[in-house]
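Chains as they are written, first to last, in the working numbering: chain A, 852 to 1388; chain B, 174 to 465; chain C, 829 to 1098.
Check the hints yourself; a few may be wrong.
Said to hold, decoys possible - Here are the simulated SDA-like cross-link-like pairs (lysine to any residue), alpha carbons at most 20 angstroms apart as the crow flies:
no.	chain 1	residue 1	chain 2	residue 2
1	C	Lys832	B	Val309
2	A	Lys883	B	Glu213
3	A	Lys1033	B	Asp411
4	A	Lys1158	C	Asn1068
5	A	Lys1087	B	Val309
Don't read these hints as lab results, they were simulated from the structure.
In this text the structure is predicted, and so the values were computed from the model without any measurement.
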Amino acid sequence: MLIRPAIVLLLGTSLALSAANELRFCLRTDPKTFDPLLVEDESSATVRYLTGGVLVRLNRYTQELEGELATKWKVSESGRRIDFELRPGVRFSDGTPFTCQDVAYTMHRLMDPALHSPVADPFRSAPGEVETKCTGPTGATVRFPGPVAALAAQFDQVAVLSAASAHKDSAVLGPFELGEYKPGTYVLLRRNPNYWKHDANGHPLPYLDSIRLEIQQNRELELLRFRRGELDVLNKLDPDIYDRLSSEMPHAVVDAGPSLDWETVFFNQVQNAPLPDYKRRWFRSTDFRRAISEGIRRDDIVRIVYKGHARAAAGPVSVANHFWLNPAIQPASGSEGAAMALLEHAGFRRAGGTLMDSSGNKVEFSMITNAGNKLHERMLALIQQDLGRLGIQLNVVVLDFPSLVERISRTYNYESVLMAWTNIDLDPSAQMNIWLSSAANHQWNPNEKAPETSWEAEIDKWMQAQNASQDPNKRKAYFDKVQQIVADQAPMLFLVNPNALSAVSSNLKNVTPAVLSPQIYWNADRLQIGGTLVSER
Amino acid sequence: MLASLLLRQARRILLTALLGGLLGATLVRLGPGFDVDERELDSRLSADSQQAIRAERARDNNIASFYFRYLVGLVHGDLGFSRSLNRPVSELLKERLPLTLVSLAYGVLGGVSVGLTFALLTVWWRAPGVDVVPAVLSGLCLAAPAAVIALLFLWMGAASRWAIALVVFPHVYRYAKNQLVATSQSPHVVAAQAKGLSGWRVLWAHVFTPAAPQLAALAGISVSLAFGASIPIEVICDTPGVGQLAWRAALDRDLPLLVTITVLVAVMTLVVNSMADLALAAWRSPSESTVA
Amino acid sequence: MTRKQKFALVILGVTVVASLGAAYIAPSSYSEQFRDAISAPPSSRFWLGTDELGRDRFARLLYGTRVSLLLAPAAALLSTLIAALIGGAAGYLGGRWERVLTAGVDLFLSLPWLFLLLAVRALLPLNTSPVTSVMITFLLLGCLGWAAPARMIRAGTRTLVNSDYLVQASASGISRWRLFWRHLLPNLRPILLAQFWISVPLFILSEANLGLLGLGVSEPLPSWGVMLRELENYSAVLQNPWMLAPAILLVVVVSCLQLLLRTEESAFPC
């Protein structure tokens, strides 16, 4: 008689624990798409990361490439060809076998010009067709018309689709599959019953039964819910919220160190921008730009704006990017003396408390940034005061984001900008469109027909050289040169690299925070909610 | 007679709302950053992809042709496609409108009820200092940003729809109180009091009832106020309603969504105001001209 | 003037004088950053503590009062006057004019005026001074905020239009315009004052909300709106209750305005 209640009790307990075996965190916005080839926004990228199976994965913690659906790979023909050895016995979430045909189908769809897939752009190094051939039962070869820099690493973003499944849209190879989507409210991902990975003990992964992605834009509300135990992870915390939480729940907060992101300032150097000539001369003067860089007290930005959770930046590579960093480049000193020396060398002089140029124009200019970003508004206030010490009047203008984008990429009706850059790639080839003078994202002077300065021509040369080479050490040497030129010429002033800040519930196990995004759930297939019996299945 | 009046009102509402849609679209088009896309700053995209993004945004540059296409779609029940959310506008509204309508109903009814109640009590007692509490309360509600009120409600675990009521209430209270006090000093009220009628009867039959049509004008304003307040409140509380949608559409310059929301708000405002006008017209003597 | 109204006048006067004399009263400038005293609590050095950039909150409150207390009432006055003209005309003229004006008002209420504000900001030179920029913002708010009050005023006018004294004045041969200006508008005073009183805090808060889109006051100029936005950080407010100072001052000022503008005892001539 006692057996039945005991069974019920055990079953009930098991069910209760399983129902609780769910990871919960927030997305800022609804995912725009569930098609992994059309992902452009962060929310869609999160869903893709958790559901998509890739041939090769960049381990966010070690920053090394690891095989996933491919056990081996080889890049040859100077980056035009990659051969994969595919993992046998893998199935999609609906049971369809994974074969080379799926790789071919995915590449064909990806490179279809009508699709305009943003994921495909890094592969489009030259015009022409991309060929995918199946070489044996588990071999796949992909050949590109031109060399692709960091070819293998690019496949980290390519989720393989099923060519044969009756449910092409929903069949996935990742640890989770899409369960439910309630627009404006949540996305529920359920564990993929056919996921190929097992842990060291042979237990099937993932450990979690589901992941609930609540759609929540408000950070205060997110924090409230985390405190109440309704969420397990808070991603990309503001320094304010981090500090508040660390005083209440010190074991929950995670500071993984400087991220890859930058906060930068750049000046308008566009030849036909609607600027007075004397201001154009200032902004095109290397000494002027370096003086401004010297004048900005980065340590105060780190201490006051980021509450210590950032690091003064020296160039386009964060300290978090171990391989590509040029350690010879150091952040500007923030010294008024050094700044004034550079300004005087450029012909500026102080008249009373005001800085004047050689033609007697008072040095006054505006700096724009995006509205609604408290960190930027505070940074601008600090920079305003720092430049005030040099006799420069800085006018702070905050604009809503579309207005700002219009000014810096269409009308060029601005003087200087404070902007944040989010970097998800370690490889400098992802920054080609920033450093090449002919590119649209060469932000201070886009779409140059020919490099307008000798140093931009140098940067073009070294960036193309590193893009064409397959030897990592040569590429590093070339990109070191680019970093040095950028430090010497200061087309962009790198202010800080913000730290990767998160919060994690004590219930969540196997967390290994990384600086690369996604910082906490990069190993989602191995995360566990504490107290679960799942690992004993 | 009534049918023709309603028909005329309906026609007026429709034409005005559609005109509002066109003007709204024009305002959006004239605003800065209309045809830019933040994806243009994505350095991973090739020149061709960026060009494709620009071409897509440039499609709606001609407002006249956009609005013509929009009207043709409207006739077929197609409200356009939201670029920012990547979904048909009609789907978005279908999901979100009920939530916002319920919040607005709570907000308007709550705000009007509380405001009218306080105003009636103030007039009923007429003792010195009796209006201090509602005055301070309305002052507090006016002084606090809607976002702060919303956060307070969140923190208390209360439904955010009542935050809308707190935004509406001070406007209703202030206007209603002034109107009722002014009416209470009319000669007919003095006469009624002199005749010995009870305070409650005087208040209801001789103060509130004559002032009711003017108070009805509050209805339309309350709806506009409530919708305006719903935007920051829904954004703060992450309520997936039309207010949050409007904010998102404004930030992304999502033209089809903005035009549809403008038309919707216009229809709501016009319907409520028309009902208030009809009430006012019904109160007036037949010798006066009626509102069409 | 009652004792309460005198008291309110004194409070308002002290506030205005203090804000105008901020340069003499405040121990430091509103923009000076004391970077060694970030988010400091109140002390003899900083009477209301410092903000997250080490700026004296008391100084910022005084200077912010100058911006908000002078500009918001001016904008409220402008919007009330426009509303009086349009709403009054609609109610007075009646018939087709009323229909057209009312439809126009309703249309105006529905439009996304935010984009006009953004367009004006885009047209302003980037080096426009913060003071000019905020004045233009309040001017625009005043020009755009008349529609809701106009509705109320129209309803009030419709009630007054057939009052005995107006009928008598009309019968005595007074022109329509004189009737409107000299007999009708003054009797709309209770409604106009109510709208004015409500509009003042509304514009202060609108300026704060517009800051989210880059409109309104720009650094380093403070305003009540900018300081009120800090209240969204509710847990910081709980730990630093002196952050409520601008909200308290706003409530006090709005209440004093309300007391001063009370005219219900002499609302209607008989």
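A quick look at each hint next to the structure:
At most 20 angstroms may separate the alpha-carbon atoms for a hinted pair to count; Lys832(C) and Val309(B) meet this at roughly 14 angstroms. Taking the CA atoms of Lys883(A) and Glu213(B), the gap is near 17 angstroms; set against the 20 angstroms cutoff, the hint holds. Distance restraint check for Lys1033(A) and Asp411(B): the Cα-Cα separation of roughly 14 angstroms lies within the 20 angstroms cut-off, and the hinted pair is therefore satisfied. A hinted pair counts as satisfied when its Cα atoms are at most 20 angstroms apart, and Lys1158(A) with Asn1068(C) qualifies at roughly 18 angstroms.
At most 20 angstroms may separate the alpha-carbon atoms for a hinted pair to count; Lys1087(A) and Val309(B) exceed this at roughly 41 angstroms.
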